[in-house]
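Peer 1: Listed below, chain by chain, are the residues.
2 protein chains.
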Amino acid sequence: MSQNETGISEVTVEVPMNIALVKYWGKRDEKLILPLNDSISLTVDKLTAETTIRMVEGVGKHTVKINGEEVELSSNKRYQTVFDESLRLQRKRKEYSNGNENRLVHFEVISKTNFPVAAGLASSAAGFAAIALAIQQLLNLNDTQANRLARIGSGSACRSMSGGLVHWKKGEKDDGSDCVAVKTADDNWTDLYCVILVFNDGRKKVGSSEGMRRTRETSTLLKHRIEKVVPERIDSIKKAYSTRNFEDLARVIMADSNQFHAVCLDSVPPIRYLNESSWQLIETVEKFNQPEIRAAYTFDAGPNACVIVQKKDVSKFITAVIRDIQINTDDLKALPEEFTKSIEDRKDERTENKFACSQLVVSSMGNGPKICTHPRT
Amino acid sequence: MSQNETGISEVTVEVPMNIALVKYWGKRDEKLILPLNDSISLTVDKLTAETTIRMVEGVGKHTVKINGEEVELSSNKRYQTVFDESLRLQRKRKEYSNGNENRLVHFEVISKTNFPVAAGLASSAAGFAAIALAIQQLLNLNDTQANRLARIGSGSACRSMSGGLVHWKKGEKDDGSDCVAVKTADDNWTDLYCVILVFNDGRKKVGSSEGMRRTRETSTLLKHRIEKVVPERIDSIKKAYSTRNFEDLARVIMADSNQFHAVCLDSVPPIRYLNESSWQLIETVEKFNQPEIRAAYTFDAGPNACVIVQKKDVSKFITAVIRDIQINTDDLKALPEEFTKSIEDRKDERTENKFACSQLVVSSMGNGPKICTHPRT
Chain A
1 MSQNETGISE VTVEVPMNIA LVKYWGKRDE KLILPLNDSI SLTVDKLTAE
51 TTIRMVEGVG KHTVKINGEE VELSSNKRYQ TVFDESLRLQ RKRKEYSNGN
101 ENRLVHFEVI SKTNFPVAAG LASSAAGFAA IALAIQQLLN LNDTQANRLA
151 RIGSGSACRS MSGGLVHWKK GEKDDGSDCV AVKTADDNWT DLYCVILVFN
201 DGRKKVGSSE GMRRTRETST LLKHRIEKVV PERIDSIKKA YSTRNFEDLA
251 RVIMADSNQF HAVCLDSVPP IRYLNESSWQ LIETVEKFNQ PEIRAAYTFD
301 AGPNACVIVQ KKDVSKFITA VIRDIQINTD DLKALPEEFT KSIEDRKDER
351 TENKFACSQL VVSSMGNGPK ICTHPRT
Chain B
1 MSQNETGISE VTVEVPMNIA LVKYWGKRDE KLILPLNDSI SLTVDKLTAE
51 TTIRMVEGVG KHTVKINGEE VELSSNKRYQ TVFDESLRLQ RKRKEYSNGN
101 ENRLVHFEVI SKTNFPVAAG LASSAAGFAA IALAIQQLLN LNDTQANRLA
151 RIGSGSACRS MSGGLVHWKK GEKDDGSDCV AVKTADDNWT DLYCVILVFN
201 DGRKKVGSSE GMRRTRETST LLKHRIEKVV PERIDSIKKA YSTRNFEDLA
251 RVIMADSNQF HAVCLDSVPP IRYLNESSWQ LIETVEKFNQ PEIRAAYTFD
301 AGPNACVIVQ KKDVSKFITA VIRDIQINTD DLKALPEEFT KSIEDRKDER
351 TENKFACSQL VVSSMGNGPK ICTHPRT
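Protein sequence lines, in the order shown, are assigned to chains A and B. 1 is the number of the first residue of the first sequence in UniProt numbering; add one for each residue after it. 1 is the number of the first residue of the second sequence in UniProt numbering; add one for each residue after it.
No lab work stands behind these hints, which were simulated from the structure alone. Be careful, since some hints might not be right.
[To be verified] The calculated lysine to aspartate or glutamate pairs, modelled on DMTMM-like cross-linking and capped at a C-alpha distance of 20 Å, are:
1) K204/B to E352/A
2) K204/A to E276/B
3) K312/A to E352/A
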């Protein structure tokens, strides 16, 4: 953090999106964004939001610029909520420490994502995690406070606040004070990689806030999922992760992705996020997993796939994908040589390519956010 | 029934397929075909199997001919099972009545369906219900015995044995003696019609026996559906049917179709029966149901839709369908004038027709099977 003579503090952070291995779907409190069930995730290190926040003393408006475009804050209330809460926490801390510096401040946020915001890749989660982490630095907040800031911006943002396997606990309390995302004790499993496949489609998507509400209000299966299925799966994921048991991990990841989409389908009216390309990818993974499970697909609230594999299997998996799905040559060229050198593209083996992937990215997982010690100003 | 001097008895029946309003999915006994949960259905009167059975005395092979083609019985064991059970019941009855006529007999079955067998429209259910009803006549069996014959041929066949709202009770006993399909007390709701839309697709389908087994063994949601959701829905359907409350009936029908597909998706590997055309139809129905529910879609183990509407709304619904989905002109021409006279096909209102329906049929519901008193021979 730097502070110059004019009372401007500034910090820059780089925060990756995260992908849930056991999905978050449904809120127990809409205002505080408290989830109905625990979830567990890993960061996708390559897909990041790089965010600089300046805290400026004196009268002025908060501003947020994402990828060069000014965000209209009056129609994006969540930014205002996060800034208000930040300043409330600051005042509280100052009163507590008997300080008197009740000066006015405002925030200027500049954020850049390295993936399409519209691709449905939880960009807002990375963005709000970045804002929360940066404000934590600026205001010297504790982790629980920072977690809360991220969460009220975008629920799953709190899972991007650290590396390793992150467990977002739903908590029991009404005020959300025990609802936190924590890194599990394990070292990061550095061998886990993911292949992200973006499948655009023209359908109008049911937003995840609206979708969660609909499922909570209408699905007769959700309650059973929340009470019985999810707690067991959280334990299974932790155990498989700490014992480095890829097959067990993969089985739970795929089952939970499918169950999340199942409760969406069980809603009234039914919600669908998977499209024909998603289903082709599921089939490709099923084939690739014969006779041994080496890949696990997972889909969030959209058609895009995230396929988790071990580093040693990245090339083999891409070889399997390009047989069934059309991939941009440029995306393949952009991959590190260690992954591309053993990809085999045997055109005679290709199935009729009906589905096209508009973007393919390979990333390590679980490295978490970076606080940039040298601010860019 | 007729019997000539050479010892040949013959009977002809016409049996409609049925569509479940609360779905059967999962067996508690694979051999006796006992279901894990109750289901409830109506017949689709227009789609029938017309079946003639001759019972011939003396040594000879059972034969089954469907739509002019001889069925290879060695690879279709269920026919043999039904014939064996029929003859066992006959012997039992004769022994009981102290009869001595333990003569050899065999069956000759000739069946004709008026809808494509491959369309996934539960043709085997109608076919086995026809065989069971005809053998009931020939051997003078009671309803429970006939029910059992139909069921061991094809589980849901037992729901085609009568008209009205038919409730197939799963029963509790291991021998299946309390597992029967019964007509509920109500008069048939003659105002209910259905529009069947056949959407072919090239995907290899997971057969329903295999699909049920997979869901039973792997879905963590199925148990909750069976124990908690289905019993309530059976009650709701009965109540809505007896009070002629279309909206309530429709709500349960759609929710249960979606939940059946949800537990399929919750299976490992996931099972999918709905395709893009099915989802277009769901959207069409959702639009049509604004501001008032006037149609209910339901899908069995395939992409084809059955949309239940009241007679007064048939034309309006077809008007809505042809806006979104391509329908054969011949199918429309084949409809009775009462339905076609007020169809409006406003080409300027049509959405871009991406999905084509290969067959459209409108049918009354719940009239049940007919025993033809004059055999055709």
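Peer 1: Taking the hints in turn, state whether each one holds.
Peer 2: Results of checking the hints against the structure:
Straight-line distance between C-alpha atoms of K204/B and E352/A comes to about 16 Å, which keeps the hinted pair within the 20 Å bound. Only pairs whose Cα atoms come within 20 Å are accepted, and K204/A paired with E276/B is accepted, the gap being roughly 14 Å. A distance of roughly 28 Å separates the Cα atoms of K312/A and E352/A; the hinted pair therefore is violated under the 20 Å criterion.
Of the hints listed earlier, the one the structure fails to meet is number 3.
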